[in-house]
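Chemist: Given chain A, put chain B in place with the hints provided.
There are 2 protein chains.
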Amino acid sequence: MTNPVLIEVTRGDLVESQHRGTVAIVGGGGALHLGLGATDLPVFPRSAVKIFQALPLVESGAADAFGLSDAELALACASHDGEEGHVACAHSILSKVGLDESALACGTQWPARGEDQDRIRRAGKEPSAAHNNCSGKHAGFLCACVHNGWPVEGYETRDHPLQRQIHDILEEMTGATLSDDVCAIDGCSIPTWAIPPERLALAFARAASGRDLSEQRMAALTRLRKACAAHPFEVDATGGFCTEVMTRFREKVYVKVGAEGVFCAALPDRKLGVAIKIDDGGTRGSEAAMATVLQALLAETEEDRAFLDRWARTPVETRRGVKAGTVRPGDDFSHAIRKLEDTSAC
Amino acid sequence: MTNPVLIEVTRGDLVESQHRGTVAIVGGGGALHLGLGATDLPVFPRSAVKIFQALPLVESGAADAFGLSDAELALACASHDGEEGHVACAHSILSKVGLDESALACGTQWPARGEDQDRIRRAGKEPSAAHNNCSGKHAGFLCACVHNGWPVEGYETRDHPLQRQIHDILEEMTGATLSDDVCAIDGCSIPTWAIPPERLALAFARAASGRDLSEQRMAALTRLRKACAAHPFEVDATGGFCTEVMTRFREKVYVKVGAEGVFCAALPDRKLGVAIKIDDGGTRGSEAAMATVLQALLAETEEDRAFLDRWARTPVETRRGVKAGTVRPGDDFSHAIRKLEDTSAC
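Chains as they are written, first to last, in our numbering: chain A, 1 to 346; chain B, 1 to 346.
Hint data in this document are derived by calculation from the structure and do not stem from the laboratory.
Okay, derived cross-link-like pairs now, SDA-like style, lysine to any residue, Cα gap no bigger than 25 Å in a straight line: (1) B:K271 <-> B:E244; (2) B:K125 <-> A:G239; (3) A:K96 <-> A:H160; (4) A:K125 <-> B:R121; (5) A:K226 <-> A:S60; (6) A:K323 <-> B:E101; (7) A:K252 <-> A:P268; (8) B:K125 <-> A:Q117; (9) B:K125 <-> A:W110; (10) B:K271 <-> B:E172; (11) B:K323 <-> A:G154; (12) B:K125 <-> A:R119; (13) B:K125 <-> B:S92; (14) A:K125 <-> B:T238; (15) B:K323 <-> A:S179; (16) A:K323 <-> B:A112; (17) B:K323 <-> A:H167; (18) B:K125 <-> B:E101; (19) A:K226 <-> A:A71; (20) A:K339 <-> A:D304; (21) B:K125 <-> A:G321; (22) B:K125 <-> A:E84; (23) B:K125 <-> A:T238; (24) A:K271 <-> A:D342.
Pulled out of the complex, with its shape left as it was, chain A reads as follows (with noise of 0.2 Å):
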């Protein structure tokens, strides 16, 4: 099966690039809304099951043992861009937890942006592993282990108990069978399973229904879930989509980038979960395709929406700033988005 294309690159009255996908809309009940593509055929969450990744901080209590602030909480829920902020907070854990970031397994990695860059080159340092995008989940993985007296050398091996309890979390969310046949490493050492995207949306639609769960996990979920809502920055990036949606839409939305074209979220009001894989795994398509979702599933006003056409239909541009194109979605996806939204289907 060929996925569809969902976002289309034009450049003057031509098609000059597309990304393929499969996007997966579930109810609070399991029901699929929409479902484009392959979605029963798994793909790798990778970061975009965070949340779920931090439930052992929350649920066994660690998050409250060492005092972790809603910001700290965030943070072990973000992929973030490696800025002065999120090492700040990262560190910030660390000590809480009476470790330092030679704990960290997830291996370094420099910021993303040149100014970030340029202030470690400048101190004629490298990068550590408090810069990693993940940074903060292993520091909140760490916090778990030392609560639970579980071993902190080793947590990011597939057979650490942490490492099991999250499998088994994944499992219970999505009601998929996570074996060692779909498991792999993930970018930042931990085992990474991969699950159809309706799975994925069903786990995200229980995220923002509660459906299904028991009261301790919906509680922690929405404590972490708000903790983003409320400390968008520490999720993600200055600028960042995660960052700018959830600044906006606050509770209404919790959304989440996964890498190789991966992004999820939960809608609490409509009880509603999505995921998206674009096929090339790239994030030019990836948000594209979760802002055109979001601009029928969460914006109410005109406003809400033209705020989402900053991803949804981006200009193409000239260096000098000249539009030669737009980013935006192909015809078949917005039909099908558009129906979605005529039928009221959810």
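Modeler: Relative to the frame of chain A, chain B by itself:
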């Protein structure tokens, strides 16, 4: 028509992402030796045709009149990274023609490498048009304009005599009719005309073989091609695909990237032209696809093949350098390429 998967990106035992696209390999006589995907549908070649866009500079006598060096001719064919050597070379061309970077219409662009960006920030400056990856091409345009007595102002517009001449050259080389309805604006503000990959491959096959070309045209193309082979740094960047491949194989190949997933090559010994377009516009796919093609058409030894594996079979690594997957040719593409090798069709 859906173009086939050329390159796949694995993680663990699964394919995580994939890149679809079109490949055309054409002989000097015009025969399509390999055609994968819709090789007859026009794509914007973007910077892949810079060698043809540099022909007015050479054929008019401007390059000789202003005493351009081979390194400067190579820069006129380049998409460079704005490193110090590139910027100095662009300035040198401009000073020979009595102009400065304010005459460049390409717009400004930050250099690609962090260290080159850092140098500009430390000086409290902004990047200039000389840092633009197309600055050499534009400096060459200005030489041609001054030499021909054409206005310098507006040299980048579609109706300027220089761009009309380039239009006619592209029609001659490709045999395609390039009407206004396939014309759009390139990132550096000049016109770009969409051309079917099989026609682009034909143009490069002609550049490789001289077939159907005047002696003067072939002499100019050979001069530019040899200048690039002798100065591969000027064509691309430190560690860049085109620089590395032409450093190794010298005059056996002319290879050039274009934006949005385009890659073209001419192989003089085999009288072959190659054109690749990756649907999603990504360089990960286009570099891997071109390296795979060059393994079949250019590599003579196991060392050559291993060298090209750097792009044809790239490990996907964690941030601690552990292998998590591979960027590699898909099965059907591998099979088509192997068949091409086995039959020695070209």
